[in-house]
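Trainee: So you can see what is in the structure, the chains are spelled out below.
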Amino acid sequence: MKRPVWDLPTRLFHWSLVALIAFSWWSAENDELDMHVWSGMAVLTLLLFRLLWGFFGSSTARFTSFVRGPRMVVDYLRGAWKGIGHSPLGALSVLALLGASAIEVVTGLFSMDEDGLVSGPLARLISMDFSDEIAELHEEFFNVLLALVLLHVAAIIYYRLRGKRLVGAMITGRGEVEADVQPMRPGKWWAALICVAVAVAVTRWIIAGAPPFGT
Amino acid sequence: MRFGLITAAGACAILAACGGPETKRADNYSKATKSAAVAMLAATRVSGEQAHKIMHERHEGMESVGKNNKVIKRELDAASPNLGTVRSSAAQLANLSARASGWFPAGTGPDIGKTGAKPEIWQDQKDFVGKLAAWQKAVRAFNVAAKGGDVNAIKARFADMGGTCKACHDKYRSEMHH
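If you read the protein sequences in the order shown, they are chains Z and X. If you're matching positions, the first sequence starts at 1 in the numbering used here and goes up one per residue. If you're matching positions, the second sequence starts at 1001 in the numbering used here and goes up one per residue.
Since the hints were made in silico from the structure, they are not lab data. Just so you know, not all the hints are guaranteed correct.
[To be verified] Pulled from the structure, derived: some chain X residues nowhere near chain Z, Cβ distances all over 10 Å:
#	residue
1	1050
2	1053
3	1054
4	1057
5	1058
6	1061
7	1082
8	1094
9	1107
10	1112
11	1122
12	1130
13	1140
14	1150
15	1151
[Unchecked claim] Per the computed footprint, the stretches of chain X lying under chain Z, defined by three or more beta-carbons under 8 Å from a beta-carbon of chain Z, are:
#	region
16	1063 to 1076
17	1155 to 1167
Small disclaimer: the values here were computed from a predicted structure and weren't measured. From the three backbone atoms N, C-alpha and C, an ideal C-beta is built for every residue, glycine too.
The shape of chain X in the complex, shown without the other chains:
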């Protein structure tokens, strides 16, 4: 009995010891990617035709994100959602959100052309990149949930994802996005 307890305590200690550095590493990793992303956003200033090309791609991409969201929401609101439809739109969202990292280089703001992207994006880049990353992470989580069959979990991840859209839009999107 006592032996059992000691073993259990030891196992806990080992687990805890492993857990510690592991989480720290993950933390450092995400911090590192975030600062790399900020550096990228700032360093890759674009201009001319390239800027307009990216702005166009961004516009089309975000519109496509909205379309896929609509398709998903209509299914999730139904009494018996077609999960095949949800999955294919979730996969498209995952694809789009991964591409979004390249949608906001410096030099693609409203001073260059018509866009809903506010100048604040490049004034508070660290915060913006954090919010963009939060969305990308939420899309991945949603995509994983969509592959399963638990409709309530899918709905919950969809709601989380919507929250990350709104968090960014509230601060960084102007009313010019139509």
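Here chain Z stands alone, though its shape is the one from the complex:
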């Protein structure tokens, strides 16, 4: 039976992140660094929103509902898990993707390009040499993020081959859920608005160089 699994904010977050990671990659490869920085700022806003939504969002978006210990992962692999939202194994993938995206954003904030023309808003807070090293890490670590994205897509294809469709639920928000599983408890629309407002405010503060530390 099809029932709500992912709320609208979570789905918008997911597909916006997909688009922005692709755009960030393209803009970096083509030396469109001004656009690359703005794309990074947008990803920062998204991640901040997702972090907040992980505490105040609907039940399947909350970290408490999907961050579980290794025993649950083992149970899941043995086929002894039933539930709604991220599976224990899928949750690891979610955390890894969010974490890798966060590392890319944070290193980007402190990076400056080698031509000295474009920089993240916080690059000035650290020494030039340290900023150069972080910029290198920013470039190298993208490969890790890319590998995680590929693994994520490969897993979805694997599940599809075994008869489980996952993409549809991330588009429509509804997916197959066993009847005896507790349904998704939706988040409040005004909570989503507050989370967006806070995420935008924090991003703007960082763009301004994080005063008073940045002045």
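Given the coordinates of chain Z, work out where chain X should sit on it, guided by the hints.
Mentor: Just chain X now, with coordinates in the frame of chain Z:
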């Protein structure tokens, strides 16, 4: 009153007359230097040790340009930039960019050694020299602005200069420049 108008009109006519040939001359001059530079780029083909020496100097020079840009950008992004720092880096940029005219003789392309300089530089020399000259001109303008105290003007000239870097790099620099 009428006399005043006539004098003013006359003065305008004289100014205009002077302005005309003057600008034309400046135009011819820049065209002449540009074609001379193209001729130089093509005529002075280098090889062997000399080529490698120039490529090394070019690499170090461009790296130094980047370093100076970084120093300047960090200052200009600050709430109250240290203009002394900006000025000394601007002077170094002026010096480096003047030397850059000798950095791209034929025979210093990627077929000779590891370089970010694309072969297109020597295939479309006229365009390349134009872009190089645009950068050199922007550096001079930036250096002049840096000597003044108008931070907004300095920022504007720095942005112009960055645009000329990018215009050339987009077309003539490969990803091999690390």
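Trainee: Are all C-beta atoms of chain Z more than 10 Å from that of residue 1054 of chain X?
Mentor: holds, 21 Å
Trainee: Beyond 10 Å from every chain Z Cβ: check whether that's true for residue 1112 of chain X.
Mentor: Holds: least Cβ distance 23 Å, greater than 10 Å.
Trainee: Run the C-beta distances from residue 1107 of chain X to all of chain Z and say if the shortest one exceeds 10 Å.
Mentor: The claim stands: residue 1107 of chain X keeps its Cβ more than 10 Å from every Cβ of chain Z (closest is about 26 Å).
Trainee: Can we confirm that no CB of chain Z comes within 10 Å of the CB of residue 1058 of chain X?
Mentor: Residue 1058 of chain X is indeed farther than 10 Å from all Cβ atoms of chain Z, at 15 Å.
Trainee: For residue 1061 of chain X, is the shortest CB-to-CB distance to chain Z above 10 Å, so the non-interface label stands?
Mentor: holds, 13 Å
Trainee: Does residue 1151 of chain X clear chain Z by more than 10 Å, comparing its Cβ with all Cβ atoms of that chain?
Mentor: holds, 15 Å
Trainee: Just double-check residue 1094 of chain X for me: nearest Cβ-Cβ distance to chain Z has to come out over 10 Å.
Mentor: Since the minimum Cβ distance to chain Z is about 16 Å, residue 1094 of chain X lies beyond 10 Å and the statement holds.
Trainee: With a Cβ-Cβ cutoff of 8 Å, does the region 1063 to 1076 of chain X contain at least three residues near chain Z?
Mentor: holds (count 10)
Trainee: Please verify that the nearest CB of chain Z lies beyond 10 Å from residue 1082 of chain X's CB.
Mentor: holds, 12 Å
Trainee: With d taken as the least Cβ-Cβ distance between residue 1057 of chain X and chain Z, does d exceed 10 Å?
Mentor: holds, 18 Å
Trainee: For the region 1155 to 1167 of chain X, count the residues whose Cβ lies under 8 Å from any Cβ of chain Z; is that count three or more?
Mentor: holds (count 3)
Trainee: In terms of Cβ atoms, is chain Z entirely out of 10 Å range of residue 1122 of chain X?
Mentor: holds, 22 Å
Checked against the numbered hints above, the structure breaks none of them.
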